[in-house]
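Asks: Taking the hints into account, I'd like the entire structure generated from these sequences.
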Amino acid sequence: MQLKRRDFIKISGITTAGSLVIPPFLNSCKAVKLSADAESYLSHFEVTRATLQKVISAAMEKGADYADLFFEHTLSNTCALEDNKVNSAYSNISSGVGIRVLKGDQTGYAYSEDLTEEAMLKAARTASNIAESPGKFSVANITEYVKPNYYAIRGSWEDTSIKDKIPYMQRMNDNIFAADNRVTMVNVYLNDNSSYILFHNSDGLLAWDYRPIIVIAGVCIMEDKGSTENFYVTRSYRMGPDFLTNELIDELSTEVVDRTSRLFSAVRPEPGEMEIVMGAGQSGILLHEAMGHAFEADFNRKNLSIFCDKMGQKIAEDFVTIIDDGTIPMNRGSLNFDDEGNPTEKTFLVSNGKLTSYLHDRISSDFYKVPSTGNGRRQSFRHIPMPRMRSTYMENGPHKKDEIIASVKKGIYVDYFSNGEVNIGQGDFTFFVKFGYLIENGKLTKPVKDINIIGNGPQALADIVMVADDKAIDNGGGMCGKNGQSVPVTMGMPTVKIRKLTVG
Amino acid sequence: MMNTNEKYALADTVIEHALKSGAEQVSVSVFDNRSTEIEIRDQKIDSLKESNRANLSIDIYVDKKYSSHSTNRMNREELFRFVEEAIASTRFLAADEFRSLPGPELYYREGGPSLGIFDRSIDSVDAKTKIDLAKKVMDEVYGKDERILSVSSYYYDSLSSGIMVTSNGFRGSSEKTGVQLGAEVSVKSNTGRPNAYWFESQLFFDKLRKEGIGTKALDRALKKSDPEKVNSGLYSVIVENRVAANLLSPLYESLLGSSLYQKQSFLIGKQGKPVASGVLTAIDDPHIPSGQGSRLFDDEGLNAVRRPIIEKGVLKDYYIDTYYGKKLGMKPTSGSSSNVVFETGTRNLDELLASMKKGVLITGFIGGNCNGSTGDFSYGIEGFYIEDGKIVHPVNEMNIAGNMNTFWFNLKELGNDVREDDSIRIPSLLFEGVQLSGI
Numbered sequence: 004m005q006l007k008r009r010d011f012i013k014i015s016g017i018t019t020a021g022s023l024v025i026p027p028f029l030n031s032c033k034a035v036k037l038s039a040d041a042e043s044y045l046s047h048f049e050v051t052r053a054t055l056q057k058v059i060s061a062a063m064e065k066g067a068d069y070a071d072l073f074f075e076h077t078l079s080n081t082c083a084l085e086d087n088k089v090n091s092a093y094s095n096i097s098s099g100v101g102i103r104v105l106k107g108d109q110t111g112y113a114y115s116e117d118l119t120e121e122a123m124l125k126a127a128r129t130a131s132n133i134a135e136s137p138g139k140f141s142v143a144n145i146t147e148y149v150k151p152n153y154y155a156i157r158g159s160w161e162d163t164s165i166k167d168k169i170p171y172m173q174r175m176n177d178n179i180f181a182a183d184n185r186v187t188m189v190n191v192y193l194n195d196n197s198s199y200i201l202f203h204n205s206d207g208l209l210a211w212d213y214r215p216i217i218v219i220a221g222v223c224i225m226e227d228k229g230s231t232e233n234f235y236v237t238r239s240y241r242m243g244p245d246f247l248t249n250e251l252i253d254e255l256s257t258e259v260v261d262r263t264s265r266l267f268s269a270v271r272p273e274p275g276e277m278e279i280v281m282g283a284g285q286s287g288i289l290l291h292e293a294m295g296h297a298f299e300a301d302f303n304r305k306n307l308s309i310f311c312d313k314m315g316q317k318i319a320e321d322f323v324t325i326i327d328d329g330t331i332p333m334n335r336g337s338l339n340f341d342d343e344g345n346p347t348e349k350t351f352l353v354s355n356g357k358l359t360s361y362l363h364d365r366i367s368s369d370f371y372k373v374p375s376t377g378n379g380r381r382q383s384f385r386h387i388p389m390p391r392m393r394s395t396y397m398e399n400g401p402h403k404k405d406e407i408i409a410s411v412k413k414g415i416y417v418d419y420f421s422n423g424e425v426n427i428g429q430g431d432f433t434f435f436v437k438f439g440y441l442i443e444n445g446k447l448t449k450p451v452k453d454i455n456i457i458g459n460g461p462q463a464l465a466d467i468v469m470v471a472d473d474k475a476i477d478n479g480g481g482m483c484g485k486n487g488q489s490v491p492v493t494m495g496m497p498t499v500k501i502r503k504l505t506v507g
Numbered sequence: 209m210m211n212t213n214e215k216y217a218l219a220d221t222v223i224e225h226a227l228k229s230g231a232e233q234v235s236v237s238v239f240d241n242r243s244t245e246i247e248i249r250d251q252k253i254d255s256l257k258e259s260n261r262a263n264l265s266i267d268i269y270v271d272k273k274y275s276s277h278s279t280n281r282m283n284r285e286e287l288f289r290f291v292e293e294a295i296a297s298t299r300f301l302a303a304d305e306f307r308s309l310p311g312p313e314l315y316y317r318e319g320g321p322s323l324g325i326f327d328r329s330i331d332s333v334d335a336k337t338k339i340d341l342a343k344k345v346m347d348e349v350y351g352k353d354e355r356i357l358s359v360s361s362y363y364y365d366s367l368s369s370g371i372m373v374t375s376n377g378f379r380g381s382s383e384k385t386g387v388q389l390g391a392e393v394s395v396k397s398n399t400g401r402p403n404a405y406w407f408e409s410q411l412f413f414d415k416l417r418k419e420g421i422g423t424k425a426l427d428r429a430l431k432k433s434d435p436e437k438v439n440s441g442l443y444s445v446i447v448e449n450r451v452a453a454n455l456l457s458p459l460y461e462s463l464l465g466s467s468l469y470q471k472q473s474f475l476i477g478k479q480g481k482p483v484a485s486g487v488l489t490a491i492d493d494p495h496i497p498s499g500q501g502s503r504l505f506d507d508e509g510l511n512a513v514r515r516p517i518i519e520k521g522v523l524k525d526y527y528i529d530t531y532y533g534k535k536l537g538m539k540p541t542s543g544s545s546s547n548v549v550f551e552t553g554t555r556n557l558d559e560l561l562a563s564m565k566k567g568v569l570i571t572g573f574i575g576g577n578c579n580g581s582t583g584d585f586s587y588g589i590e591g592f593y594i595e596d597g598k599i600v601h602p603v604n605e606m607n608i609a610g611n612m613n614t615f616w617f618n619l620k621e622l623g624n625d626v627r628e629d630d631s632i633r634i635p636s637l638l639f640e641g642v643q644l645s646g647i
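Chains E and S, in that order, are what the protein sequence lines are. 343 is the number that our numbering gives to position 340 of the first sequence; each next residue is one higher, with no gaps. 606 is the number that our numbering gives to position 398 of the second sequence; each next residue is one higher, with no gaps.
Simulated from the structure, these hints should not be mistaken for laboratory data. Treat the numbers as computed from the prediction; the structure is a model and nothing was measured. Do not rely on the hints blindly, as some may be mistaken.
Derived Cβ-Cβ restraints for the label pairs, each shown as a range [what the hints assert, rightly or not]:
1. L442(S) - M482(E): 32 to 42 Å
2. K272(S) - A53(E): 15 to 25 Å
3. R450(S) - M314(E): 46 to 56 Å
4. P151(E) - V513(S): 51 to 61 Å
5. D177(E) - K228(S): 31 to 41 Å
6. T448(E) - E519(S): 36 to 46 Å
7. T248(E) - D331(S): 50 to 60 Å
Derived lysine to aspartate or glutamate pairs resembling DMTMM-like cross-links, with alpha carbons at most 25 Å apart [to be verified]:
8. K252(S) - D108(E)
9. K36(E) - E320(E)
10. K344(S) - D254(S)
11. K88(E) - E232(S)
No residue lacks a Cβ here, since even glycine has one placed at the ideal position from N, Cα and C.
Replies: Structure below.
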């Protein structure tokens, strides 16, 4: 979408909903042959083509191999409901440019929040110091990136008033209280983000994007006979205001009430090793923690990952295929191009049990002499990009869910999680189970809650002995953290059985 | 970076404009930070990063309604429009009688002690010195053992300064510096690629320990080679000082006013009651000279005072901010911790270990969580299996689990080995009868 010129300070809540953004078409009649879209992004950041080229030249002046500029302007709004009313709101505006300079696999990085030419040149010269011998750089012709449209949106969050968000939050609150008289507290949060991105590199590439993201979260507290239980649900997409519907609110309300109410009878299983059935959807956290991070190419390039000598090898059963995908429409992990200007794609990490690809950024794809997989991501213009996941999921397999559960004599079934972690070198990973069931003699019996499951990545992958045909992507508001940077991701999986993991 | 007077001037202008535009009460903070990060990998510079950032945030109270906003765009005209829009959007919210600035009588006034948390000299350390320091850390280990797969070392420093002004009379400024040197080493073993880190952290450049960092990281990585799990059961457990604060975080979360009010705390109604064994005493002490968490006032401007949180196992006090204080009918103390200082025991880690018949030394946590409402927790652990006071082998793929309401009563002894470079000044902890899950 195109932009209003220089509207850096918009706080959601002023305008009435649905007002359309009028494209500026500024400078479009000048002699330069940039598209109106490209021009609108340049004018949004108040930079000219000449300035971009000057800054890139400054970044390259000490003999670097490559440089890029990542302009970002992000507006974030949060509304919060407590005590039956939406009674607080928060917003943040952040803008600036990150300047990265590469010499081989070495990185120089500086950013400027001030977008004047002088300030950007200063940052570029700071970053350029990673290279030490002045080289010759001639400015490349600008090529516009032709981008796909994985998150076409109608309207924008900036033009959506707080008063148009409130009724949905209120509805969730009222639904939850009405559903069960044990409910004593409800919190609802709605967070929308709109990012404008302009990217330019020393190869002449010019790319731009508008990246919306929305998260809704509902927290339910119930009290029953002196005990208290809590549960929460989240949903997130790269979508505009049409995300908010009564159907979505009703679905989330029902889900959170249902789960909270079951917790009162939940037990903690006897600790130890056992068979684990992971339900379709959120269980993709297994892929994210046990394999995904260890497949990130920087960890492999640096010899740190337990998978770094396994490329091309058989690491799982034939029916295991694992994908990291940046192209799913409206998915929270999707990008029209990654934060290094590379196209995103559907990357097959494990194909029919064989390790087929790592997740690459620019540095690692140069190192391994393979095309980038479009996994170079960063938290913001203040951060250096590195290989990150997008939406990580497993393809369907040959088994049925019922058959899988029936095959377990004593184990647990898990399908709701709060967090996980991995140790890349040893391969140990964990995920924390918010909710699940005991499996006794092939049947789901008592609910279980609040248990940590721990295993070893390569072993767990080899121990996936059954995969069902009910793949689901979980569209919760997952954030993935690595080296101090957070990026939005999703995950998914069909129902699978793992031979054994440690439950405790 | 703006100097303190420029920050005050900006805040005053923004407050004036906000009040003129209809706000009843306003609080404005202006903050900036500059930092340097240098990473060396296998003797070569991996990355150099310079950061400079600034931020202005504003809390607005209008018609008994509340919102909070921040921006890194400091142009005055833009800020004025930003404030106007923020006020207009706040009016759409529901009123909340509990929202207001703190009572002025609770604010910090002049005359607090000098904290010693700002080292002007960090600004004059040149880039070469910083790179050389990180390289020296690297040189301690690089090539020193054939099992080494990768070594990285880093230097980090930062200088922050901020001010806060409220429309009901608070004015305060603070400046803080920090410097770190660290190393991470990854080694080859039969079963994997164990890695370990070590770092030193100080507020003053001259006080930073610059030797032994790489060596410690290598030593810790090698010791972790080829771990095994042990059987599930009840064990004596020692938690190393460096990671002991991880176990405190659910306790801390449960002490917050927001958690108490939202019923996500297992410490509701526990004030004055025992919540841990009698050996545990923890004091929130904001005025420790050169303490990582030292401060004269908190982020609302509340005067920082020393107060016991847990005394001989009895819960004395919570962390209550102004808003949740009013909602809970409790006196605001501060909504966040400063330095948390633990009363120490007499023995160091080696002595504690030597006295252990059979148990586990925990040196790291991996994942896990705690249910705030119930106190049920489970965390992944790594460390060493101990018999008769000696390390038998490293352990991994195990969990520690229990309930926070009873877990802290299993605390038998605190070590004397407090790490002073952290705001949580906690020594190694010895517990008995703790549930570990393994095989």
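Asks: If a hint holds in the structure, say so; if it does not, say that too.
Replies: Verification of the supplied hints:
Between L442(S) and M482(E) the CB atoms are about 36 Å apart, so this pair conforms to the stated range of 32 to 42 Å. Between K272(S) and A53(E) the C-beta distance comes to about 52 Å, which lies outside the given range of 15 to 25 Å. Checking the proposed 46 to 56 Å range against R450(S) and M314(E) shows it is violated: the Cβ atoms sit about 35 Å from each other. Roughly 58 Å separates the CB atoms of P151(E) and V513(S), a value that falls within the hinted 51 to 61 Å.
Taking 31 to 41 Å as the suggested C-beta distance range, the pair D177(E) and K228(S) conforms, at roughly 38 Å. Roughly 45 Å separates the CB atoms of T448(E) and E519(S), a value that falls within the hinted 36 to 46 Å. Against the hinted window of 50 to 60 Å, the Cβ-Cβ separation of T248(E) and D331(S) comes to about 54 Å, which satisfies the hint. The suggested pairing of K252(S) with D108(E) holds, with an alpha-carbon distance near 10 Å, which does not exceed 25 Å.
About 53 Å separates the Cα atoms of K36(E) and E320(E), which puts this hinted pair outside 25 Å; it is violated. A C-alpha spacing of about 15 Å is found between K344(S) and D254(S), which places the hinted pair at or below 25 Å, so the restraint holds. For a cut-off of 25 Å, the pair hint linking K88(E) to E232(S) stands: about 21 Å separates their Cα positions.
Consistency note: the structure conflicts with the earlier hints numbered 2, 3, 9.
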